[in-house]
Amino acid sequence: MLSTYAPALIFIAIGATIGIVFGLLNKFLGPPPRANSHKADPYESGMPSEIKQGFRFGISFYMIAILFLLFDIEVLFLYPIAVELRAFGTFALLETITFIVLLFVGFGYVWRRGALTWK
Amino acid sequence: MEVIRQKATDSEEFRSKQLRARDMLRGDLDDKDLDEFVQERVLTTTLEKASDWARGNSFFPLTFGLACCAIEMMTVAASRLDIARFGYEAFRASPRQADLLVLSGRISIKMAPVIRRIYDQMLEPKYVIAMGACSSSMGVFNNYAIVPADKFMPVDVHVPGCPPRPEALMHGILELRSMVHGDPTLGWRERYEAEGTEEIYPLAPADATGVNVFGAGGTEGTNA
Amino acid sequence: MPDAATLERLVGALKASDSESVIDTVESPGRVAIEVKPDSIVGSLEVMRKAGYEFLASVHGVDYYPNEPRLGVDYELLSREACDRVALTLRVSTEDPHLPSVTPAWPCANNQEREAYDMFGLIFDGHPDLRRILMPEDYEGHPQRRDFPIGGEPVLFTHNEHNVPRWFE
Amino acid sequence: MSTVDPAARELSAYRKMEESVTISETTEFEGDRELLTLNLGPHHPATHGVLRLLVTLDGEVIRRLQPIFGYLHTGIEKTAEQKSYWKAIPVVERMDYVSYYFNAMAYCGAVEALLEVEIPKRAQYLRVIHLELNRIMSHLVFLGTSALDLGAISVWWYCFRERETLLDLFEMSSGQRMHTRYFQIGGVIEDIPEGWIEQVRKFCAIMPERADTYGDLLNKNEIFLQRQRDVCPLPAEKLRELGVTGPLLRAAGDPWDLRKAMPYSSYEDFDFKIPVGTKGDNYDRFQVRLAEVKESIKIIVQALDNLPDGPTITEDRKIALPPRHELATSMEALIHHFKLVTEGMRVPAGEAYYAIEGARGELGCFVRSDGSSKPARVHMRDPSLVNMQAAPAATEGWLIADMLATVAMFDPIIGGVDR
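Residue numbers (the working numbering), protein chains in the order written: chain H, 1 to 119; chain D, 1001 to 1224; chain R, 2001 to 2169; chain V, 3001 to 3419.
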């Protein structure tokens, strides 16, 4: 059973190692960081900033972010279909169309409810 | 970088080099000639020189316009004198992603702490060019409101001019590039080994008889 | 530059509204400046507005250093129908640089009065937000007064080079 | 460079205020919504220079905008008082660093008003040509950078290409690209070289259709239209009350232009129209400036057509330097030359306020002379300082993106604001 998943696991392992290596590479290659007090300050166009980590922001930001996430993940499902559409035959095409129409119904609802306009 | 390019002594040798390169491209070179061909072109360098070479050729300037020199800095990135030819057109807005700070304009005393904070917030291999006379040496305005950049931050290259022509700023950036690559263009004193010839009194004698055209020479400008 | 007749009419209108407000009129080529008493400036500007000068172009401080009272304020007025400019000025001493602010009646003078305060130390009573506009807010002294030193660094000559040894580094 | 640890040194009230950005200690609340005070500070790509905008935000909507100036204060007016009259021109030119000919024109006009000197006709025409060329260049820089703010970077490339040809013309006539010091008190420094007129005619031939291409690039661009049309409008009365002049006022429908109303430097000889908007929103402000570029070209062509001959500077030797060749022969020329070069000209005591139509509004220069050879007071009434007072009124209640587009349309040049 393991052999069937071997390519995926190897792929994940290589990805992880490359990520970590590039993350740490700068410690050896880059010049030694000169610790001065202001480097870690949050950048606010040149002025001292008071924005602490846990500062709260409006609900509209969260709404827009969640809606984007929803409609963006659907594209993920279309990739495998698009790759092998000819093999799946016309039934898959009809299924995808209904899937997208359902999506548009959801989008219409969200639009009508006014979640997209900025309050 | 120990890149030794032999000058082509005469045209035949140059011609033979061309033919060999063409054979190599066609794949007709056999292994002995191929090894020799490759041997000639392998770069041998140290890791630090290689990273300097990469760093020097890819400055990310910070969009930092102060005054009139900012308009000339924009012109350097614009169409006629294009800085993209050298790979420096990626102007980053945040100091976290930029490594070249061009002080383009006059630095007022209210702006100096802000510039110092931005310079501190830039990441480590960072370079500073003081563009124009005002940021290098208070230029035209030797008064209460202006601070030369050297007073509060290290500056690598000073570009003279008010405002300097875009070509001058380009030359300044290329000077910085050669400094980062490790072979800075030498000042005339180093080039001709003329250190120590500066005509400076080590310490002015008490009875310095030099006529003081400038009045008491105190901090306040007395030619009012 | 109003001709003699309109000038007479304006000064008469100013005197009618507040009898001893006008002190004198200063003529220079191409410009007439009517000097008024500091605390009657708001009333005088209203009179000028009714006389047609409804655009206050510029409010700026002037330092007449040698002669007293030292600090002056200029109000450049423009009449758009008559295409004509006239100026109201007033003089204030440095010991008591208080004068009424015109910002409530003329909002365009807001930044300019703050600049006059910042540069000359003229305190405009009644200004909504009198803070320094150009210099840092904790800066002592008012730079554009004539007795404020120009500052800056002395130019390096051979005779004062020793103050900055090894400047060529 | 010993960077003292900030906690150790004693903080003055202002530094404390600076260290903590929210002026009010507690975070403000408006009803149940928490407001956030943020710095669109001196170093920001969209503020066109070192303008600091202290913004109080409710989410993305702006509740209060407070422009803070002073980050480019250069003490130019104090420095001008240290210099003699004709040496003050380079200092004054560096105030509004995009339209530098206008600063020099306003200052020279004020000093000429004090001196009551008569400017030869040819010098007036040359001044008008250079002023209009500089107005085109100033509007091009405005167009390029504000389109850059809205994401249209290609407009920026084109505008700066045109600006390069303009700078070549300035360099040809005066030897320097920016801050050319071409205007002298009493006229212009020297005559224009041969071939300059042909170059300007060639430029005036291609510029109108270039201005149309900028229009086509942006007028049909849906993003640009949606972000500019009906955004942050201000009626003309409100603008007049706040003292706004220039293209911003004309975009709101009030056709006040000093070149037409109170013509100076022989503007009455040319006929040109004043572009006036209707609604006073961002789209009108953009269109008015684009149309002004075409009007300026008309003025330049007319000025070139009937450019009179004659001297390019006043004949009065007390004000203008005598020509070099005369120094070898006549003694008075040598004396005048020596007097002018060492001490400079003495201007009779008096005050003058000379206002011209700058690229951003009424640019007035007040010069007071106390009879000596140095101006006693030079003050420049800068249009951007007064126009920026209308920015809070225009942007309250709009989104941040609209505010940035509006500040771009107000086109403040911080060098002129901070002087």
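Any given hint could be a false lead.
Here are some chain H residues pointing at chain V (derived, C-beta under 10 Å) [said to hold, decoys possible]:
#1 E44
#2 G46
#3 I59
#4 W111
Covered by chain H, according to a simulated footprint, are these stretches of chain D (three or more residues, beta-carbon under 8 Å) [claimed, not checked]:
#5 1070-1079
#6 1091-1101
It should be emphasised that the hints constitute simulated quantities derived from the structure, not laboratory data.
Heads up, the beta-carbon is just placed ideally off N, CA and C, and yes, glycines get one too.
Check your understanding: What are the numbers of the hints the structure violates, in ascending order?
Key -> When the structure is compared with the hints, numbers 4, 5 turn out to be violated.
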